[in-house]
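The task is simple: from the sequences and hints, build the whole structure.
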Amino acid sequence: MKQDETHANSDLIALPGIRSHRALLPDRFLPLDELDVSSPHENLRAFGFDGAWIGDDIHALALKAGQGALDAAGLKAEEIGALLCGGALPSAHLRQSEKPGDTGLLGMFCYQASWLQDALGLERAFISGVAQQGCAGMFSALRQARALLMAEPDLEHVLCVGADAFPQGAMREVLYNVVSDAACAVVVSRENLRYRWLAHHQISKGWYWDVPTRQSEIIAAYFPTAAMTVRRVLAKADLKAGDVDLVIPTGVNAASWPILLRLCGIPEDRLFIPRQRFGHTIAADSFLMLEQARATGVLRPGQRVLLFAYGFGSSWSAIILEITDLI
Amino acid sequence: MKILLTGLTGNIGHEVARQLAGHQVMARVRDVTAAPVMEHVALLREDELDAARACEIIIHCAASTTFNAPLQTLREVNVEMTQNLLDFAVGCPALKRFVHVSTACVCGLDGGLIPENSLPEPSAFVNAYEQSKWEAEQRVLASGLPVCIARLSIVAGSEVDGSVRKRGALHHLLFWLWKGLIPMMPGTAETPVDMISTEHAARGVVSAALADAAPPVIHVCAGGRSPRLGELIQHVAQDFASTSAGWRSGAIAAPEIVDAETFALFEQTVQQSGDLLFQRVCTDSKSFLPGLLHSRVYATALAESLNPEPAYDWRKLSTLVTHHVLARHHA
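These protein sequences, in sequence, are chains A and B.
If you read the first sequence in my numbering, its first letter stands for residue 1, the second for the next number, and so on.
If you read the second sequence in my numbering, its first letter stands for residue 1, the second for the next number, and so on.
Note that these hints are calculated values from the structure, not bench results.
Certain hints may be false.
List time: in silico DSBU-like cross-link candidates among lysine-lysine, alpha-carbon distance up to 35 Å [said to hold, decoys possible]:
id, chain 1, residue 1, chain 2, residue 2
1, A, Lys236, A, Lys205
2, B, Lys179, A, Lys205
3, A, Lys205, B, Lys286
4, A, Lys236, B, Lys179
5, A, Lys205, B, Lys316
6, B, Lys179, A, Lys240
7, B, Lys286, B, Lys316
8, A, Lys64, A, Lys205
9, B, Lys286, B, Lys166
10, B, Lys2, B, Lys166
11, A, Lys205, A, Lys240
12, B, Lys286, B, Lys179
13, A, Lys64, A, Lys99
14, A, Lys64, A, Lys76
15, B, Lys166, B, Lys179
16, B, Lys96, A, Lys240
17, B, Lys316, B, Lys179
18, B, Lys96, B, Lys166
And the structure:
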């Protein structure tokens, strides 16, 4: 039996999956006209970008998302055994010291995970960061959370948090994607699951580590490797392309998703089309989309849902979830 | 034989001239200084054509192969120049054959088995080059002269050392592919990719010129022995692995083979992005790849009746040409 095969087998129901999630955008939206972007606005609009959500305090947003995920899971803070922070940017793993003036080297040891543990009251949790996988970092955090739960029977719930924000006034376009700030949090548990975990697959290619030098090669590598990743996750889940009921996209270039679905043989009508477009938010895209899908009644028990993300580094990552009755 | 040759400095002209050793070849060239020196070849400037009135055979290799040039420009070179040469041939009393070198791609987007005879105008052409060569064929066939049209498939390079006199769409694509910049190709894994060596192309043309009798159209092509797109990509990827750590490690993935609609969506995305490098890759691709969507096999029986073919080793040819293209890039 493959490790990732859970399906509806009652013996395996206790395998870890996703219990709850919460994703948040900041309050402030700036249209393209007010953003620093390099491509013509009409090009960006054609790719699905109207502007970006800008946050003043990403840590506060992460805290709010974390609390929201705990509330949605019906868990108290002390029930969380581990906290994994999966932000993509190096700055997502650091919090500025509250000491006035220059903190010197000590300031580099002020970790976001430590602060979040304190702020959320996760007294029993151990903390860790999952980094260096760009926008695929949150998927990796979920995978590691699940692996922890399977390896350590005493551990019951893991909270994964991803929150990224660009510096104030920074360029907002990255390779034809307009980037918003956002935060998300996911509780991975063994019980009361909204999503069973059917399979995960990640392909990492260190060849593409130098993003500025290899940006064209990265663009070209995106589709063949993305298709390979999806095929492999489908094989792990023992599913065919047509068995996927819903594809939850990220906020990257909207034109790329029909192409990826065609490459994988997944019917295009399985692609979730969000009502609200928010650009690309690095870690939070998939969960902002999932929340929209849930809120609009698109998610139904028994559905197999494919999530896919690509992160600079380069990592291509896909997860297949099955919706439970608790949705 | 007294033979008038055009296109000596082009892709196959030099090899055609080499295979005509023992004959008296007069080569019309635009730039005498750029032409290779061969003992049996006399060079004629454009205004010296009358010196070739006594020729018995005309081999017309000269053409513009700038696939993405405007149709009008290509017509001036590929159609009107052919007409001028046909008009000249009418005044050659000893003429036994006029061999017109054309392209197998005159079938445009038509698929299936392409016969060795005059083709009706296809539903569409991939590029203006194909159209200009189809129009030139109509002039040749209507001339009333003893003609033989030799349609060549993709001339990949030398079967001896892989060398290429003029880099074409295939060679540009090979380079982009090696760089890992081609994420997808249109077609199916089973689509035949008809390519031949420079020597093979020249043998076909020379046999059409020297045979006692020749049909009006022959296909100097690999025909049914062509590699399939899937196996060709697989083979090229293996060759790339010897010169690229990215290919060797599997970091660079072979392109996906996709249908027309998917490829069009990808092209549209590239255009929308405005990415200049990818637009260049797409421009090179557009002159070559769309033909792969229309799977076809070229009949070759008539060509082979003139020139029985030796064993065809596309793998060896592909390897030689790949290494030559990459060596030139690194140089």
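Verification of the hints:
1. A/Lys236 x A/Lys205: Holds. A/Lys236 to A/Lys205 sits at ~20 Å (cutoff 35 Å).
2. B/Lys179 x A/Lys205: holds (16 Å)
3. A/Lys205 x B/Lys286: holds (29 Å)
4. A/Lys236 x B/Lys179: Given that 35 Å is the threshold and the Cα spacing comes to 31 Å, the pair holds.
5. A/Lys205 x B/Lys316: holds (31 Å)
6. B/Lys179 x A/Lys240: holds (32 Å)
7. B/Lys286 x B/Lys316: Roughly 26 Å separates the two Cα atoms, so the pair holds.
8. A/Lys64 x A/Lys205: The given pair, whose Cα atoms are some 34 Å apart, holds under the 35 Å limit.
9. B/Lys286 x B/Lys166: Measuring from Cα to Cα gives roughly 19 Å; hence the hint holds.
10. B/Lys2 x B/Lys166: holds (27 Å)
11. A/Lys205 x A/Lys240: holds (26 Å)
12. B/Lys286 x B/Lys179: holds (18 Å)
13. A/Lys64 x A/Lys99: holds (23 Å)
14. A/Lys64 x A/Lys76: holds (15 Å)
15. B/Lys166 x B/Lys179: holds (20 Å)
16. B/Lys96 x A/Lys240: Between B/Lys96 and A/Lys240 the Cα gap is close to 64 Å, so the pair fails against 35 Å, i.e. violated.
17. B/Lys316 x B/Lys179: holds (21 Å)
18. B/Lys96 x B/Lys166: holds (30 Å)
The structure fails hint 16 only (numbered hints given earlier).
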